[in-house]
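Asks: Each protein sequence line maps, in turn, to chains H and Z.
Its first residue numbered 1, the first sequence is counted upward by one per residue in the working numbering.
Its first residue numbered 1, the second sequence is counted upward by one per residue in the working numbering.
These are computed hints drawn from the structure, not numbers from a lab.
Below 30 Å or equal to it, Euclidean Cα-Cα: the simulated BS3-like pairs (lysine-lysine) are:
(1) Z:Lys61 x H:Lys6
(2) H:Lys6 x Z:Lys119
(3) Z:Lys2 x Z:Lys212
(4) Z:Lys115 x Z:Lys153
(5) Z:Lys209 x Z:Lys166
(6) Z:Lys177 x Z:Lys212
(7) H:Lys74 x H:Lys243
(8) H:Lys6 x Z:Lys177
(9) H:Lys204 x H:Lys151
(10) Z:Lys177 x Z:Lys61
(11) H:Lys243 x H:Lys151
(12) Z:Lys115 x H:Lys21
(13) H:Lys204 x H:Lys147
(14) Z:Lys108 x H:Lys6
(15) Z:Lys119 x Z:Lys166
(16) Z:Lys2 x Z:Lys215
(17) Z:Lys153 x H:Lys6
(18) Z:Lys132 x Z:Lys166
(19) H:Lys21 x Z:Lys132
(20) Z:Lys182 x Z:Lys153
(21) Z:Lys132 x Z:Lys177
(22) Z:Lys153 x Z:Lys166
(23) H:Lys274 x H:Lys363
(24) Z:Lys108 x H:Lys21
(25) Z:Lys119 x H:Lys21
(26) Z:Lys115 x H:Lys6
(27) Z:Lys2 x Z:Lys209
(28) Z:Lys2 x Z:Lys13
(29) H:Lys103 x H:Lys74
(30) Z:Lys182 x H:Lys6
(31) Z:Lys177 x Z:Lys209
(32) H:Lys101 x H:Lys245
(33) H:Lys261 x H:Lys101
Examples of chain Z residues toward chain H, derived with CB under 10 Å:
(34) Asn43
(35) Asp69
(36) Val72
(37) Gly77
(38) Pro90
(39) Leu100
(40) Pro101
Cβ atoms here follow ideal geometry from the backbone N, Cα and C, with glycine treated the same way.
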Amino acid sequence: MDTRLKEDHFTLFRYVSLAFKNLRRRMVRTALTISGVGLAVAMAVSLGGFVMGYQGAINRSIDMLGFQVMIMAKGCPYEAATLMLKGGTGLMYLPGDTYEKVKNDPDIESITPIFVGIALKEGTAKDSEKTFTIINGIDVPSFLSMKPWLKFQSGSGRWFSPQSRDEVVLGSEVAAFEHRQVGDSFEANITPYGNTEAVYRQFKVVGILAQAGTQDDGTVFMPLDSARSAFNRPRQLTILGLKLKQFNAATMRDFENKWLKLPEVQVVSLQQVKTTLISLVATAQTMIAAVAVIAVIVALIGVINTILMSVYERTGEIGIMKAIGARRGDIFQLIWLETLVICLFGSVIGSIFAWFGSGLVEKAIRSLADFGVSGSIVLITPGVVGYAILGSAVLGFFAGLYPAWRAASMRPVESIREGV
Amino acid sequence: MKRHYHRGSETVKALDGVDFSIHSGEMVSVLGPSGSGKTTLINLLSCLDAPTEGTMTVAGKSVTGLSEDQLVEVRRGVLGFVFQQFHLLPTLTVMENVELPLTFLGLKPHPQRTKEVLKLVGLLDRASHLPKELSGGQMQRVAIARALMIEPKILVADEPTGNLDKATGESIFGLFKELTQKGLAIIITTHNMAFGYEADRVMTLEDGKILKEEKRV
Ligand SMILES: Nc1ncnc2c1ncn2[C@@H]1O[C@H](COP(=O)(O)OP(=O)(O)OP(=O)(O)O)[C@@H](O)[C@H]1O
Ligand SMILES: [Mg+2]
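Working from the sequences, and respecting the hints, build out all of it.
Replies: Okay, structure coming up:
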């Protein structure tokens with residue numbers, strides 16, 4: 001043999017290049033197969049992103065409430081939790097003395113009273129599309145001790161002065177949406193309890209909060225008493241948010257039992273809300289997962305079919321390759337690489353689509369059901385994409401086995417004869 | 001050597017006792033009517049198929065009773081093939097087709113050698129063309145170049161001129177003769193008597209048996 005011929009250290013590269021050339025030969029068929037894989041992967045990635053993102057968003061939203069336990073008027077606790085998260089409209093109020101009764105419980109580390117009211121957004125009262133502003137009446141010192149991370153946007157403002165009756169602090173989203181700055185006025189139409197007509201009110205913006213990534217961004221804050229009087233509920237409260245000195249299942253149960261004796265009150269652990277909110281969508285997620293699994297199976301069958309077809313079409317060529325020195329393993333590797341290339345391409349394309357489409361998926365999911373969490377609920381992380389690509393590689397590995405084995409075990413004489 | 005094909009209860013004696021040898025630098029042609037067992041013989045000689053009965057030795061090594069995987073090892077680097085239908089890979093250029101055997105042998109592409117081989121078959125200027133852009137004769141030359149790439153000791157050609165016109169066929173035979181000068185053993189089947197009798201030795205098969213064997217002087 002020619003002494004100039006040297007051992008090759010890049011054989012894998014040569015086989016990959018051969019595989020590509022074979023796949024290019026039937027571009028449409030290859031593209032369709034890749035699309036099938038892409039579609040399945042996009043679904044799987046979106047689902048993964050939804051599971052991860054949703055849990056993350058719920059945990060974040062609830063952790064950012066700052067308190068572990070809520071005391072609120074009786075009703076469905078989960079409705080109550082969503083209400084707290086997104087500011088629903090069916091507000092219910094605690095009797096005014098609940099705060100005084102509860103606040104001296106020795107198990108409590110800190111407690112803050114919150115009054116929630118809904119105002120019609122200024123100037124939109126007569127529009128067909130009414131929008132709402134959530135107003136939180138708060139007790140600033142105790143509220144801040146629960147949420148120490150709340151900060152003003154650089155150089156924009158302060159909390160309310162003690163004697164103020166008409167000062168508001170805006171969450172970052174509200175401020176951005178309404179184009180308000182510190183010193184501007186903030187207008188809202190508020191319907192006081194007992195009235196049928198909304199009353200036009202003007203407030204003064206004294207501070208704008210930095211973005212927190214929670215429902216606080218969309219909230220207008222005012223002093224507890226201003227809010228109560230604006231809504232003409234001078235003694236009432238919506239929520240008592242509190243932290244226990246020791247928080248675990250046992251202390252929570254004790255605390256719950258202790259205060260459930262108050263007739264109109266329910267005690268809600270946010271841990272329990274988290275679990276419930278997550279399980280609420282679990283059914284939906286299982287259904288999407290089932291569809292994704294079917295899509296994956298269909299895509300896999302497509303891949304196997306495509307590769308098998310191309311193996312049979314190339315019977316003659318495979319025989320020739322064997323005649324000119326290809327071992328069984330070489331043919332196996334070649335066909336198997338083709339399968340892998342299809343699966344990897346499909347998964348990369350699918351991931352890209354899922355990545356860019358995550359906004360749409362998010363919109364679609366939110367339009368079907370608003371889960372009342374802020375932040376994105378479809379979160380496509382590199383981890384999710386990594387798993388999808390790895391998963392496709394593994395599936396490609398199995399999908400390729402049979403066609404590759406078929407090709408590898410073709411006998412050269414017969415293949416060449418048949419392949420003519 | 002014998003090669004029988006079994007079809008149900010029926011046995012086709014495609015080769016029914018053939019005994020001969022080929023030496024390096026020798027060109028042997030196999031003539032015979034259709035169905036006489038030429039292709040069957042060629043497949044055995046090229047280690048693509050195993051005899052039902054009998055023994056065979058290639059380059060000093062016995063290949064009797066070897067499995068398919070072991071036969072590949074014998075083929076690799078020793079045997080070159082040329083087929084009636086050329087069988088080039090349509091997706092690869094002339095150059096890539098010729099280099100392909102190196103890939104399967106785990107050897108680095110060697111453009112210099114590829115060019116030399118292409119020059120030998122007179123197709124250097126077509127190196128970057130695809131097979132479909134070539135004429136039949138040119139495709140057969142590429143197939144020959146591919147077979148020569150690994151410097152085989154034996155070149156096996158089953159009706160290499162079967163799909164070519166007379167003039168092109170002649171030039172292919174001319175090329176084969178040149179190659180035998182370099183010490184290559186060549187065995188060819190053909191229907192064409194005129195071509196067949198250009199070989200050093202002519203073997204005529206009939207019904208799987210050697211009818212006659214003539215040595216040319
Ligand atoms: N795979 C097979 N199974 C059964 N019978 C076969 C097989 N291959 C060849 N034969 C038979 O063996 C005999 C010899 O066939 P072979 O192909 O060797 O003939 P040939 O001399 O090459 O003919 P041609 O000149 O037409 O190419 C024929 O009768 C053929 O039908
Ligand atoms: Mg034949």
